[in-house]
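> These are the residues of each chain, in order.
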Amino acid sequence: MVKYCIKRILLSLLILFGVSLILYMLVWNMPADYLEQQAIAMAGSTGNYEELLANLRSYYGMDGTMMEGYWSWLSKFLSGDLGVSFKYSRPVEDVIFENMGVSFTLSFIALILELVIAIPLGIKCACNQYGKLDYIATVLTMIGISFPTFFLGSIVIKFFALDLGWLPVGGLPADPGPGDSRFMWFLDTVKHLILPMVVLVVLNIGAWMRYTRTNTLEVLNADYIRTARAKGLSEHSVVYKHVFRNTLIPLVTLLAGTLPSLFGGAMITETVFDIPGIGNTAYQAMLAGDIPFIMGYNMFIAFLTVIGILITDIMYAIVDPRVKLA
Amino acid sequence: MEDKNEYIEELSEEKVDAVVETEKTTKEDLHGENLTDRVRVLSPGMLVAKRFFRSKLSVVGLVTLVILFLFSFIGPLFSPWSDAGEKVKDIAPGKDKVTVTRIDYVIDGETYSAYDITVTQSPWNSLADPSMDHWLGTDDGGYDLFTNLMLGGRISLTIGFVVIILETIIGVVLGGLAGHFGGWVDNLVMRIVDILSCIPSIPIMLILSAMLTGFGVEGIERLYFLMIVLTLLGWTGIARLVRGQILSLREQEFMLAAKASGLSTSRKIFKHLLPNVLPQLIVSMTMGLGSIILTEATLGFLNLGAPLGTPTWGAMISSASQMLYLENYPNFWIPPGICITLAILAFNFVGDGLRDAFDPKMKR
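Here the protein sequences come in this chain order: B and Z.
For what it's worth, this note's numbering labels the leading residue of the first sequence as 3, then goes sequentially.
For what it's worth, this note's numbering labels the leading residue of the second sequence as 9, then goes sequentially.
Don't read these hints as lab results, they were simulated from the structure.
Don't be surprised by glycine CBs; every beta carbon is placed ideally from N, CA and C.
Some hints could be false.
Cβ-Cβ distance ranges computed for the label pairs, FRET-style [unchecked claim]:
(1) Z:N311 / B:L142: 30 to 36 Å
(2) Z:M54 / B:A209: 53 to 59 Å
(3) B:L142 / Z:M331: 38 to 44 Å
(4) Z:F77 / B:D96: 48 to 54 Å
(5) B:Q286 / Z:L286: 44 to 50 Å
(6) B:M27 / Z:I125: 50 to 56 Å
(7) B:A56 / Z:P138: 54 to 60 Å
(8) Z:S272 / B:Y226: 45 to 51 Å
(9) Z:E226 / B:L250: 30 to 36 Å
(10) Z:R199 / B:I313: 16 to 22 Å
(11) B:D96 / Z:R199: 31 to 37 Å
(12) B:Y137 / Z:F169: 28 to 34 Å
Turn these sequences into a full structure, and let the hints steer you where they fit.
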């Protein structure tokens with residue numbers, strides 16, 4: 003077990019290294035040169051921006067070849083320094099952690115809602131396989147999975163915000179001033195978050211529901227369920243004591259896979275609803291060609307992904323003793 | 009391969025198919041086979057087809073796909089606003105466009121409002137409402153939106169098919185090599201797969217699209233590059249699937265038999281391993297098609313997909329990102345959105361149906 007973990011951690015480091023190398027090569031060749039524009043803007047009417055540009059480049063460690071740039075980025079990265087964002091003019095890690103709160107709140111509440119609806123529904127559907135509820139739920143969740151994020155977002159905005167005027171179009175209310183009631187601010191924030199949350203839940207609930215359903219079907223065919231029935235247990239206790247718990251095993255491990263979307267933000271949803279979360283921030287930075295931020299953000303996501311996979315595999319062995327790690 | 013091992017199914021199980029059954033028996037009676045009176049023989053392929061068509065959802069999915077394909081590829085031939093696959097401008101003068109601008113003045117603490125009203129006539133029939141001539145109205149360039157929708161479907165669906173075929177080729181070759189040879193080949197391929205699947209997909213697509221724009225790749229070439237990019241980022245799933253399947257298959261007895269009878273490596277891979285991977289491969293290709301169309305649409309939405317002016321479903325929805333169109337012109341973005349959703353839904357239904365049909369454990 004310990005040996006396996008060490009091996010996996012080493013492999014993860016290798017993967018992260020590969021990801022960073024590929025990313026840096028791509029980002030280095032990106033056409034939008036933020037520094038050049040910045041230098042031109044700073045030089046103003048004098049027009050002599052070359053010296054400024056050279057200064058800026060050396061300040062950000064971007065003079066020299068790509069490999070030199072990569073090494074200087076990597077050595078900084080290893081000492082925990084993600085560099086200074088071009089666009090936000092502040093350390094990348096500060097910008098990431100500052101904007102993460104909104105994204106996390108949004109994704110976390112959405113995840114809870116998804117699970118609370120999807121797991122009971124999935125179990126119900128599996129218990130009445132090919133029943134009416136099963137059909138309806140399957141079709142509806144499939145439709146949810148098939149929606150492009152931005153399309154669902156646009157429809158929801160069009161009907162609930164613009165046509166009916168029930169909810170705000172997007173954005174978030176500004177922090178309450180000294181005289182404002184915090185409670186009203188809270189209510190307003192909740193109102194702004196309802197639509198994005200609905201979109202996230204509709205899009206993701208299908209995967210959870212279908213996974214629960216497939217799993218429950220598998221568990222229902224297991225020998226110990228037959229034994230439980232043979233003992234004469236009521237259907238209720240078969241389903242809620244024996245099936246339910248065993249269905250949860252793989253679901254618990256899957257939760258680790260949601261790490262990137264929990265902390266990394268939902269880029270498209272946040273952009274459509276103009277929520278100032280980490281996804282939206284990263285999108286703006288990417289459009290601007292903000293190299294340190296792009297590198298930092300993407301490495302952050304890759305790190306979460308790698309950790310997520312690692313935890314999933316280890317959890318699987320912990321929760322289910324039949325699984326042997328090799 | 010399908011004819012080699014035949015499945016035998018008891019007739020008594022299926023009363024419904026009795027009509028088809030009698031036809032078959034009489035035919036085979038001519039050849040002097042009487043056993044078929046009670047037992048009927050179906051190839052695995054026919055069994056799969058039978059199970060597939062028994063599920064309503066898969067049939068609905070298949071019909072939707074056929075309709076979408078006819079709509080996109082045959083439809084434009086009947087449209088007066090399309091000429092050999094190119095959209096045609098409606099040059100009839102458009103209706104008057106009234107722009108009202110409100111200007112507020114504050115003079116001595118009193119607020120006065122002035123309205124600036126300009127009436128312009130568009131040189132062509134732009135932003136027309138849906139009518140008999142233009143079923144969905146026209147866009148700001150005077151092009152028929154319904155025709156755009158059909159032409160856009162061509163591109164979106166073609167991209168999906170080209171990319172999934174390329175992905176399958178790369179995935180099967182690399183996954184097959186990794187699974188069959190193991191050792192350092194396996195290690196190398198799987199590490200590449202790991203790295204590629206840990207790169208966040210939307211950001212990397214954004215960067216790559218920006219690069220395409222930056223290097224001046226425009227027009228039809230941009231579409232080709234887009235396909236290559238989508239392929240390079242998407243083959244890992246298929247490679248993983250093929251490798252996993254081959255790893256478990258090569259331990260089975262029939263592979264031992266193949267080895268014992270001295271078959272060549274390529275024959276073992278192509279004749280014995282791959283046909284057994286095929287069911288899962290087809291399912292994942294079908295599902296993959298949906299997700300490629302989705303990715304293409306997402307790029308289109310971010311204005312980073314197909315070249316400007318080329319109608320694709322994704323690019324057409326992107327008008328919804330402007331408040332003006334989002335609020336006032338739902339005929340711009342709702343139809344392509346519905347088309348994309350329908351296409352993805354249909355691919356998912358068909359994929360799901362195929363998976364159930366291929367799975368011999370599924371009994372209904």
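> A separate judgement is required for each hint: does it hold in the structure or not?
A quick look at each hint next to the structure:
no.	hint	result
1	Z:N311 / B:L142: 30 to 36 Å	31 Å, holds
2	Z:M54 / B:A209: 53 to 59 Å	33 Å, violated
3	B:L142 / Z:M331: 38 to 44 Å	30 Å, violated
4	Z:F77 / B:D96: 48 to 54 Å	51 Å, holds
5	B:Q286 / Z:L286: 44 to 50 Å	45 Å, holds
6	B:M27 / Z:I125: 50 to 56 Å	55 Å, holds
7	B:A56 / Z:P138: 54 to 60 Å	57 Å, holds
8	Z:S272 / B:Y226: 45 to 51 Å	46 Å, holds
9	Z:E226 / B:L250: 30 to 36 Å	52 Å, violated
10	Z:R199 / B:I313: 16 to 22 Å	20 Å, holds
11	B:D96 / Z:R199: 31 to 37 Å	33 Å, holds
12	B:Y137 / Z:F169: 28 to 34 Å	30 Å, holds
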